[in-house]
Structures are given as structure tokens and as C-alpha cells.
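Below are the chains, spelled out letter by letter.
Protein chains: 2
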Amino acid sequence: MDKIVSIQLNKNSDIPMYIQLFNHIKDLILEGILEEGYRLPSIRKLAQQLGINNVTVVNAYKTLEQQGYAFSKQGSGIYIAPQKTVVKPTEVEESVSDEFFEEEDIQLMSRGQITLSENSINFASATPTAELFPVEDFKQVLNEVLDQDRGHAFGYHESNGYRELRYSISQFIHKNYAIQAHANDIQIISGAQQGIDIIAKALINPGDYVFVENPTYTGAIAVFKSRGAKIIGIPIVQNGIDIDVLEKYIKIYHPKLIYTMPNYQNPTTFCYSQEKKEYLLTLAYQHNFFIIEDDFLSDLNFEKNSTLYTLKAIDRYEKVLYIKSFSKVLMPGLRIGFLITPAEIFKDILQAKHTTDISSSGLIQRAFDLYLKKGVWGRHLEYMKGIYQERYKAMIQEVDILKEIGVSYDKPGGGLNLWLTLPEEVSATQLYYECGKKDVLLIPGKIFYVKNTNDSDRNIRISFAAVYPKQIEKGVKVIYNCIAKLQNNTEKHIVYYSPLI
Amino acid sequence: MDKIVSIQLNKNSDIPMYIQLFNHIKDLILEGILEEGYRLPSIRKLAQQLGINNVTVVNAYKTLEQQGYAFSKQGSGIYIAPQKTVVKPTEVEESVSDEFFEEEDIQLMSRGQITLSENSINFASATPTAELFPVEDFKQVLNEVLDQDRGHAFGYHESNGYRELRYSISQFIHKNYAIQAHANDIQIISGAQQGIDIIAKALINPGDYVFVENPTYTGAIAVFKSRGAKIIGIPIVQNGIDIDVLEKYIKIYHPKLIYTMPNYQNPTTFCYSQEKKEYLLTLAYQHNFFIIEDDFLSDLNFEKNSTLYTLKAIDRYEKVLYIKSFSKVLMPGLRIGFLITPAEIFKDILQAKHTTDISSSGLIQRAFDLYLKKGVWGRHLEYMKGIYQERYKAMIQEVDILKEIGVSYDKPGGGLNLWLTLPEEVSATQLYYECGKKDVLLIPGKIFYVKNTNDSDRNIRISFAAVYPKQIEKGVKVIYNCIAKLQNNTEKHIVYYSPLI
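Those sequence lines, one after another, are chains S and D.
Going by the working numbering, the residue at position 309 of the first sequence is 352; the numbering climbs one at a time, nothing skipped.
Going by the working numbering, the residue at position 301 of the second sequence is 344; the numbering climbs one at a time, nothing skipped.
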């Protein structure tokens, strides 16, 4: 208690008061001074003793709880939690190499699981905020399913998925994505991550080579590693994967599989040209490898004059495993998506799904089926596109000012992210910390690269899924100021150490 | 069409008419005579032309659909499906060795996904029937969650699980199972199968030895194989695993892990004695391996005078990974369970879960949390125990007559299965087929054994989870008659071929 009461907070600091308090208490926990089970002082008491607002203490305690350092017992108070509670989800730290990030925070922020305060501007999350979800529509279909199907909604379901839903999806993808697939080619999955996992189980043996775009989604790398695969990163450029490097490496490594996001790639938001899509399919046929197409954003095309085809729609060689996730355009928490697999490996995929979790939730499958059948999807998609497009426009408009200070980027015309290249002298890692102090969250690009393949530290990913237009102007200004500050620091730094001056 | 109209059905056969019709059409499909997309004759037309009841055709078509041979288009008719639709979920066929079963059917029946007709008696399924599920209670908690939490119910959730639920479970297991575990030791999983899968991901490398009870749940074997483990089966006897064999093999193979079901083991329904439980824990400590305790039935103790402890409740060495499934006592389709892990591997388990599907459904987690908090669990468990106990008593009473013809078994005092040993001359596989003809479903014991470890074919598993008391008497009589028939056949067989007579 004395240790906490003696904490010194700096009212003039750049760091918000509650973050200062949170950091102090967190340090006391990590140093072992505050132990598991220790009851924190009451909010009013601590606020009084430190001469600060109640709200500051509330926010600090809330942040401690959100990050797993403390937990509350109803009617009793807030206690220090055991230290293993810190959530550290993926193998990302391996791809961060020597640099230190609080990777778990970045991961959680990017999924919208952590928002440091009501005032923070979260460019790190590419996940829509909860108020955008069609809760009423879903509540209605859930209740209809429960009234109609009763206990059958809670029985075991087929491992390949609820038959009615597979038929609905077959029609849905034909209409919306020009993809021809029979209900029997469709495997229901509990989200895209599971799709990647069961494909890896079905196809990857230890020592197999798997190619990924570089940079890419680290959650996929973690799966392939877990199967003992060797990962090769192929650079991605504005119009898609670097075909020259790809062809060279295909001949050397004979990959089993390549993991791609051809439309609005994560994190770069680059799209493959139609020619590259066609050529990748030809290569897959010639060299006998499969392509995972992870499609989570191709619905979000804001430029009406271009049509974005999926690889699957033109997959005449049956080489594409198409994963569709609804996390970004519908709701991440549904944990429902689907996989279209080539006929030759359908049974292997089905076995892997069965081994993984027997089947996805029947209730959610039935509700989603009814949701598709009711035809409200189109309406919802238009609504989400409207929201995102407004944010995209605000973002593009504001980010323009960053060009003044040497930032470059390509307008993606869709998706949920911008991929910025910083001026040479500015480190993205430092920028991440500087902006963090001002409550502006972004993701340094390094964490998306295959381990040891990127020495530079010049990219950041900023997302507009979870920010309101009015926050964007403010947030980009903070980024501007932080870049400017780091440039000045660097210049001073150079001046100071240069023996020539 | 001509091929179908010319089908000959035998009204005096033991095989129900609709099954005969189903088999004929299935054969025409498998022989390629009826091709994908072929529209089957209308029900009335076919019934008329074959001189049979409409209902017979309806049931045959329904069975074709259920087994993936056909599909219906609304308002248009019933069509032949592409042939890869046959669901073949696990690697079970490998443990069936040379014998031929329709394994996929057995697997589906055992999960209640196939019921061949309204009249069939399903001793194959250990899963409660849909009318027993607490649908109204669950509908209520789902709606309360949606009204309270709105979009937050559909956001991403923590990979280790919704915090409130983990606290509820911590209290729940303390009260119900005398297990002490902090909320932070608990990992939410999407069902027990996923629990086994993420443990395997976290702990098993190719070439590691994994021990299993023999016979055991084949879904677990499939997971360990998929990780490249070498599987060793340890015999299980009435009071638990064979300790002598276990100790001998531990010294030879140094297992990483042993997979167990100490209470009401599947398929045998054997329970470990308290001494064996204690000794297994000591061995795990001495020889440094982990124990998976898969607990899905220990709630169903019908003998009030015995208390069944879990291994986890007495796990003083922190060697037990405890998996709890609610599929058998609540609802299989929830796809929610939990895992308690030793502190030293908590982070590995969490990473594996994240890699597998990021998190379990937030909506279902929140609803299940509220369900536990409302305290209706106890009431529901008593209800289910009452139902199952009645079926258990009916089963025990009826099965007694099988002793007359040489069947032996031990009364388990709980669980959902009986494990019968047939007289020497009767093959369980043949019995399975004979009973199947009479619409009585059971599971031949062979499929539960680790590959090539069981030459005998003398056990069957009969479950009473999905049969009504009035069906039990009838079903057991069918088994009795079929055994008697096979005995007579065998005797004749012996007489016929013996050169001495």
C-alpha cells in the first residue's frame, strides 16, 4: 500500500495520467512487490491520497484488469492476478526478431480486444467496432431457429457442415463472387484461422516447404510452423506477389502450398493484377502445388470501376483452397466461415476438420443459414461498405499531409488498411512508441515479416475499421507530429555525433 | 429409370422394405448407373410402379439423403449427389484392420447423426436425444446475453476464454468436483475433441510416444497420429489400466503423454480404483509424463454409495490436463468445454488454442456463463441422471437374459454404455450385421482398439443414451435372437466341415 501511495505522477507529462498510474502499478507487480491476491486500495482512497481524479484510478484499474494484471471480485475489490494470466497468443515474437514490442498488446489491439482508453485512437485494429454488428437481425434468426428446430439445433452436426447452410453458401457465392461450387465442395469452418489449421493438418508434413507472401498474416505462419513446415517468404509488391522470385524459389524448394491474400492483402492492402492471378494458377498447375486463398476483404471494394475476381472464380485447374471469413464485414465473434476445396483432397480436409473439433456449432450454422436465406446480407454489406468508405475517404484525405514529411503509400481503393512507408531516418518501432504515448495505436510493419527477412523498420499499418471519421484527423496529426519529432531527434542525433561538424 | 422400376423387393425378407430399396438405389449409384444430377422418380410414381407404400419410398429417399447419396431441391425433386459426399470422418478405418465395416455409418450412428428409421433401436449412440436438451433455459440466457451485451457478444474474445466464464467455471468445479483451479488455469475449448487437439499441438512432436488405454476413443488416436506420434495401447481391465504393462512400457518407451478416461471409460465403462488413480499420478511424477484426463461422464454415477474422484482433484504433482465436456449431460452442439492445465505449460496451450481458432464463440461462452450463474445446472443434471438411471436399470434388467447364452459383462454402476463379451463362437462383426438387419444398432468393439492389437472379435458396446426404456426390452431380445442364430450357424458350420464326424 505504501508503495502505491508513494507513486509520483507527472501532470505535465505527454503520457496520460492513468497510463502513468497503470505503468507504475504494473511495474510493482512485475518486480514482485505487489503479489498475487493483494487487494488494491479503493478507488476513492487512492485518488485522494495521490491528489488525482477518481476517473484516473478507475481507468488505471480497468487497464490492469484488461491486461490480466488484476481481477475484480464483486462487492469485494480489485486483486492482483497471478502472473501467467498475461495473454500472449501467437508465435509472433519469433518474427519480431531482436526488437522488443509488447507483441501481445499489438495482437490484441489489432483484434480490438484492447482499447487503452475511451480517448485512444485505434489505428491498430482492423476489426469493426461492436456497434456496427447486425445484432437485432441475428437475434431474430437465432430465436427462429430455436423455435423451429428445438433440441436439434444443439445436437451433433455433420463434420463437413450443416447441409442446408452448405446449399445456401453455394448459391451465395455464385451470386456474389461468381464462384461455382457445389454444396458438397464446401466445408464449414469455425473461422478462417481454423481453415488454415485444418488445411495444414491435411496437407503439411514436417519438412515440407510452404511459401507465404512477405509480409503476411502471422497467424498463418504460426500454423505452418506448428506442422513442422519450412517457411519461405516471397516479396509482395503493388500488383501482387513478385513472380520472378516466386518462380526461382519454386524450382529450388518445390513448395507443397502457397498462402496468399490476392485481394487487399494483409498488411499491405496490395491487390494482385488479373494477369498475376492467372499466372499464379498456371504455376500451381505446372509445379503441382496448392494455393490457399484467404479472402476476408474482397467485399470491400470502394472503386466501382474495377471488378476484383477471386482466384477461386478462375481456378480451372482445381488448385485453390478458398477460405472465406465474415469477421471483417459481418461479425468476428460468429466464428463461422467456409472453405472450398478441390475434389481430390476433400476427404483429407474433412478428416482434419473432424479431428479438430468434430463440427462447428450447429446453432450458429443454422442461424447463419437463415440469415443468408432471408437475404439481409446484401443490405448489411452495403451498410458496412458505406461506413468503411466514409472512413476510407477521411483517411486518404488526412494522410495526404504526411507526404509533406516524406511518407509514401499507395491508395488501395478498398480494404481496411493503409501501408505507409516512413522517411528513411524514422524508425517505425520508435514511432509506435511515440504515438502510443499520445494514445494513438498503430502497428509497426516488422511484425508481419517472416523471421530475419526484413532489416528495415520503415513501414506501419494503419487501419480505419475501428476509428470514427472525427478521430482520423486528430490521429493522423498525432502521427505527423511524432514523425516530425523523430526526424528532429534524428537530425540532432546526427549533428551531435558527427565528427565532421 | 428403367433400372429403378425393375428393382425386385422381397416382402418376406428380414430386411425392412425401405432399406432394401435404399440398398438397391445405392448400388445403382455406386455402380455408376445412376449418375450425379439424375432426378429420381417421384415418390408416388415409384411406389405405384413397384407396388409398395409411399412411406417406403419416402424412407428410402430420406436415407439416401441422410447418407449423402442424394439431395433434394425444393419444389423440384430429389437428385443424385456427387459421390465424394459420403462422410468418412476419422482415421478409424485403420484401426478396423482387415474387417469391413461401414465405419462412417458407425461413427455417425454413435453420435446420433444417423437414425436409420423411426423404428430403429439405436444402441450405437452414446449421445442424448434432442428432446432432453434444456432448450428453453438456453434460449432465455441467449436472449439475455444479446440484450445486455449487444455487439460485444459477437466481437473477438480472449483466446483463453471469456473471463467471467472462467471465474464461473472455477467456482463450479470447486463445488461439483472438488477441483481447485483458479480462473487463470482454465482454458475454454470448443468441445473435448478440440481440447485433445490443442494439447497435442502444444506437447507432441513427431516420433514422441503417446500411451492410450486399449480399447479407447478413436478420435483421440486420430489426433495423436496426425501429430506424428507413435501410439502404444495399454490394456484396460475392470479396475483401471493394467499397471504392470504400463510400468514395463514406460521404461521402454518414455511416453510424453498418456490419454485416459479414469471414470466410465469409453468404450468399456470401467473405472479406475482410487489406488490406481493415485499410483498413475505417482508414475507421471516419477517418469515425467503428462496425463490427459478426459472427463465426460463422471457426473453419471448411479450408485450413491461410491464417490468418484477425478485425477485432477488429487493432482498434487501438476501432471494432469483435465478436459471437461458437457456433450453427454448438457448438449453436444454447444461445442463448449474447458481444460485445466498445469501452470508450466499454460502458455503453450494458449498459443495452440490461438493458432487453432483464435477463440471459441463469445456468444456461446457468455450464454453458458449465464447458464452456470443462474444455478440451473444442478437441476438439469438431476433431471438427466433421472432419465439415464431409468434407462440404465431397464438395460441391466434386460441384459441379464443374455447370460443364458454365454454373454458376460460387469455392471458399471454409471455412465452410458455396457461392454459385453460374447460367447467364444460368436463374431461381434457378424452380430452387428445381423442386428442391423433387424434395425437394432450397436457397435462392434474392434473399432476401439489400437491397430493390430486385437485379434478377437468378441465385444460389443451398447449404449442406453438414445433409447427409451420400452425400446430396450425389444432391442435386447433382438440381440438375444441374433446371438442364438449365430451360435446355431456356427455349430452347423462346425458340424459340416469337421472331418471327424
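Hints in this document: simulated from the structure, not taken from any laboratory.
One or more hints might be untrue.
[Claimed, not checked] Derived lysine to aspartate or glutamate pairs resembling EDC-like cross-links, with alpha carbons at most 20 angstroms apart:
#1 D:182 x S:192
#2 S:116 x D:79
#3 D:528 x D:482
#4 D:390 x S:190
#5 S:268 x D:391
#6 S:528 x S:391
#7 D:105 x S:207
#8 S:390 x D:79
#9 S:182 x D:391
#10 D:182 x S:180
#11 S:517 x S:441
#12 S:390 x D:391
#13 S:182 x D:179
#14 D:182 x S:190
#15 D:116 x S:190
#16 S:182 x D:190
Being a predicted model, the structure only gives us computed values, none of them experimental.
Okay, the hints, checked on the actual structure:
1. D:182 x S:192: Holds - the C-alpha atoms of residue 192 (chain S) and residue 182 (chain D) are around 12 angstroms apart, at most 20 angstroms.
2. S:116 x D:79: violated, 61 angstroms
3. D:528 x D:482: This hinted pair holds, its Cα atoms lying about 16 angstroms apart.
4. D:390 x S:190: violated, 41 angstroms
5. S:268 x D:391: Since the Cα atoms of residue 268 (chain S) and residue 391 (chain D) sit roughly 14 angstroms apart, the hinted pair holds (cutoff 20 angstroms).
6. S:528 x S:391: violated, 55 angstroms
7. D:105 x S:207: holds, 15 angstroms
8. S:390 x D:79: Since the Cα atoms of residue 390 (chain S) and residue 79 (chain D) sit roughly 18 angstroms apart, the hinted pair holds (cutoff 20 angstroms).
9. S:182 x D:391: Violated: residue 182 (chain S) and residue 391 (chain D) sit about 36 angstroms apart, past 20 angstroms.
10. D:182 x S:180: Since the Cα atoms of residue 182 (chain D) and residue 180 (chain S) sit roughly 16 angstroms apart, the hinted pair holds (cutoff 20 angstroms).
11. S:517 x S:441: holds, 9 angstroms
12. S:390 x D:391: violated, 30 angstroms
13. S:182 x D:179: With Cα atoms ~15 angstroms apart, residue 182 (chain S) and residue 179 (chain D) stay inside 20 angstroms; holds.
14. D:182 x S:190: The hint holds at about 9 angstroms.
15. D:116 x S:190: violated, 24 angstroms
16. S:182 x D:190: Holds. Residue 182 (chain S) to residue 190 (chain D) sits at ~9 angstroms (cutoff 20 angstroms).
Taken one by one, the earlier hints fail for this structure at numbers 2, 4, 6, 9, 12, 15, listed in ascending order.
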